[in-house]
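J.: One-letter residues, chain by chain:
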Amino acid sequence: MDAGYGDGAVIIEAVAVRAVPERGARERRARLGLAACAALALAAALASLAIGPVTIPVEHVLAILWRAMGGSVAGPEIGLRESVVVLDIRLPRTLLGLMVGAATATAGAVMQGVFRNPLADPGLIGVSSGAALAAVLWIVLGASLAAVLPGVGLPAFIGEFGLPAAAFAGALLVTAVLHVVATREGRTSVATLLFAGIAFGAMAGAGTGVLVFIASDQQLRDLTFWSMGSLGGATWAKLMAASPFVLLLFVLAPPLARALDALALGEAAAFHVGVDVERAKRLAIAGVAAGAGAAVAAAGVIGFVGLVVPHLLRLLIGPGHRLLLPASAFAGGALLLGADLVARTIAAPAELPLGIVTAAIGAPFFLWLLLRRRADLFG
Amino acid sequence: MYEAQDIDYAVPGRLLLDGADLTVRPGRVTALIGPNGAGKSTLLKVLTGELRPKQGRVLVDGQDIAALGPARLARRRAVLPQDVHVAFPFTVAEVVAIGLPQGERAPHRITGALEKVDLAGFRDRPYAALSGGEQQRVQIARALTQLASCDGPGYLLLDEPTSSLDLSHQLMVVELARQVARSGGGVAAVLHDLNLAAMIADEVVALKGGRIVARGTPAEVLTDALVGELYAVTARIGTAPQTGPFLLPQAMTRA
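Residue numbers (the numbering used here), protein chains in the order written: chain C, 1 to 379; chain U, 380 to 634.
So here's chain C without its partners, still in its complex pose (with noise of 0.2 Å):
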């Protein structure tokens, strides 16, 4: 609806839209949710990037970033703290913050579209724990593989991207077993799902169990973050390192939409209507996997985003992928930051583990999606 229309036009349009259902009130709704979305995203970046230790105003917080961009303004006179406090502290968290928000719910829509199932989170069967324990696997023994073969030298740009592609393996392997073990022709077993995921979650456990035992002081430091979660540790070339396996997700989950959409209604129908099923789960479970292992690979093991920001959404504005997709990207981000934002203000100047924030706020929701649709999501 155009600003300007006079009331009268509102009825109209709404009588209109009511004798001719064929432009559906959902669609529009659903399309307002995901503009709605993308301005919290903007809102939790912007929260982000001005609240701190130092309170930064909204207005220098643009002024810096149109600065860094190399656009000129007049505006207000701003100091060099600021300016820095901005471009190297907060702008690579909450970039990092976006970036791992967006990639955990996205890849936990596709992973329950792929499922047919709002439980399947990468979190919570298994996948983030597989993630975590690979890149545990490459802080710990990748140093030593160095120290072993100290001719060879990685090139720190391996170093840098060793530990998102380790995540990524550790990840794919745990998606791709799981579906092996839950899904027989066709149908996916919830319980079989849940029950492996406790199981990858325990050998996760025991094998990071296993890697503290041997670690250096050092790793250990390194070894507490990824149980916890945290975007602490954000830098640039975190960011870039980790960027690339997200993006593999964003170009691989879009295309996917409709296929998602008609595997709601089981394989076999999605084959009906066209779509190659093998195709569409192998690139699901490749972008679930990049996805999910960036974002554990970056901030450690983040629970629940991936579940409730899907979940909620589709209570909003619908089921359906096209626009789902893209708005969990958006709300993930937003989630995350402002989990964030609590974690780092709430016990100032100490910081909080991210991870015990978003468990604080979707452990109860899990509980409560557990106890609403005991019947559906079992039966």
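Since the hints were made in silico from the structure, they are not lab data. The reader is advised that the hints may include incorrect statements.
What the hints assert, rightly or not - Cβ-to-Cβ under 10 Å is the rule here; a few derived chain U residues that face chain C:
#, residue
1, LYS424
2, THR427
3, LEU452
4, ARG456
5, LEU459
6, PRO460
7, VAL465
8, PHE467
9, PHE469
10, ALA472
11, ILE477
12, PRO480
13, GLN481
14, PRO486
15, LEU626
As the list claims (entries may be wrong) - Residues from chain C that keep clear of chain U, each with C-beta distances beyond 10 Å, as calculated:
#, residue
16, GLY52
17, GLY70
18, ALA169
19, ARG184
20, TRP236
21, LEU248
Stated by the list, open to error - Per label pair, the in silico range of CB-to-CB distance:
#, chain 1, residue 1, chain 2, residue 2, range
22, U, PRO628, C, PRO255, 49 to 57 Å
23, C, PRO53, U, HIS464, 50 to 58 Å
24, C, ILE51, U, ALA450, 46 to 54 Å
Yeah, the Cβ is synthetic: ideal placement off N, Cα and C, and Gly gets one too.
Guided by the hints, dock chain U onto chain C, whose structure is given.
T.: Chain U in isolation, oriented as in the chain C frame:
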């Protein structure tokens, strides 16, 4: 023509189809009948391409469906599977729209398809809140939507399309299938109700134990002897002057 030639299909320890042939012709309705476990649904699934036969091949207008790939096959035939469970809270219109080709959005066609199955006012209702029969009609509307996007008149493959429907909507399915045939499409339907099969079909194909045991017009196949042998019952088939053979369950006993 949509042909299955000399199909063998087996699961471990059991041969479900044993040299089955089936031809679905444009402009005609073929009904598949037979007792439980005869292989009707399996044959239909082989026809759709969902199951790959151990031996034999399936051709649509002379092309092997294995070589066509899912997307092109979907432009030749539409399928109504047995009981479809829809994950996530999709609306009726959204479920029907899944029958449209990739990227196409045609709201008027969705409305039209829903009108055809007597669900005109249901488009924005959540699919999960419908009754079993209503859900089955939504799936029929989805299959009709896909059929309308096919290249040429296409083929419609129905697996027990009337299993949840009331009497009036069973007749609706008969009418819809006849309509598709009249406009040049080929229809194959697995049916349990022999009266319905007699009404809907130009050709009835009877299966037992994975083999085709009879094929022909309803009057040729639905005889006392054949129905008796097929289902292990003693049956007396009546013949109505206008509409052909009919069965009264009251006139049957288990053999």
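J.: Next step is simple, just say for each hint if it's right about the structure.
T.: Tested hints:
1. Using the Cβ-Cβ criterion of 10 Å, the hint placing LYS424(U) at the interface with chain C is satisfied: the shortest such distance is roughly 8 Å.
2. Because the closest C-beta pair between THR427(U) and chain C is about 6 Å apart, less than 10 Å, the hint holds.
3. Hint status for LEU452(U) relative to chain C: holds, with the closest Cβ pair at about 7 Å, below 10 Å.
4. Given the 10 Å rule on beta carbons, the hint for ARG456(U) holds: about 8 Å separates it from the nearest Cβ of chain C.
5. Satisfaction of the interface hint for LEU459(U) is found here, the shortest Cβ-Cβ separation to chain C being roughly 9 Å, below the 10 Å cut-off.
6. Because the closest C-beta pair between PRO460(U) and chain C is about 5 Å apart, less than 10 Å, the hint holds.
7. Taken as an interface hint, VAL465(U) checks out: its beta carbon lies about 6 Å from the nearest beta carbon of chain C, inside 10 Å.
8. With a least beta-carbon distance of about 4 Å to chain C, the hint placing PHE467(U) at the interface is held under the 10 Å criterion.
9. For PHE469(U), the suggested interface contact is upheld, since its CB lies about 6 Å from the closest CB of chain C, less than 10 Å.
10. Hint status for ALA472(U): holds, given a least beta-carbon distance of 6 Å to chain C, under 10 Å.
11. Proximity of ILE477(U) to chain C holds as hinted, the smallest CB-CB distance being about 5 Å (cut-off 10 Å).
12. Restraint check, PRO480(U) versus chain C: the minimum CB separation of about 7 Å is within 10 Å; hint holds.
13. For GLN481(U), the interface hint holds, since its Cβ comes within 10 Å of a Cβ in chain C; the closest pair sits about 5 Å apart.
14. The closest approach between the C-beta of PRO486(U) and any C-beta of chain C is roughly 4 Å, which is under the 10 Å cut-off, so the hint is satisfied.
15. Using the Cβ-Cβ criterion of 10 Å, the hint placing LEU626(U) at the interface with chain C is not satisfied: the shortest such distance is roughly 31 Å.
16. Every C-beta of chain U lies more than 10 Å from that of GLY52(C), the closest at about 39 Å, which supports listing it as non-interface.
17. Consistency note on GLY70(C): stated as away from chain U, and its beta-carbon is indeed over 10 Å from all of that chain's, at 38 Å minimum.
18. Look at ALA169(C): its CB is around 29 Å from the nearest CB on chain U, clear of 10 Å, so calling it non-interface holds up.
19. For ARG184(C), the requirement that its beta carbon stay farther than 10 Å from each beta carbon of chain U is met, with the minimum near 13 Å.
20. No Cβ of chain U approaches the Cβ of TRP236(C) within 10 Å, the least distance being about 38 Å, so the stated non-interface status holds.
21. The non-interface label for LEU248(C) is consistent with chain U: the shortest C-beta to C-beta separation is roughly 22 Å, beyond 10 Å.
22. Here the CB-CB span from PRO628(U) to PRO255(C) is close to 52 Å, well matched to the stated 49 to 57 Å.
23. For PRO53(C) and HIS464(U), the Cβ-Cβ distance of about 53 Å falls inside the hinted range of 50 to 58 Å, so the restraint holds.
24. For ILE51(C) and ALA450(U), the Cβ-Cβ distance of about 50 Å falls inside the hinted range of 46 to 54 Å, so the restraint holds.
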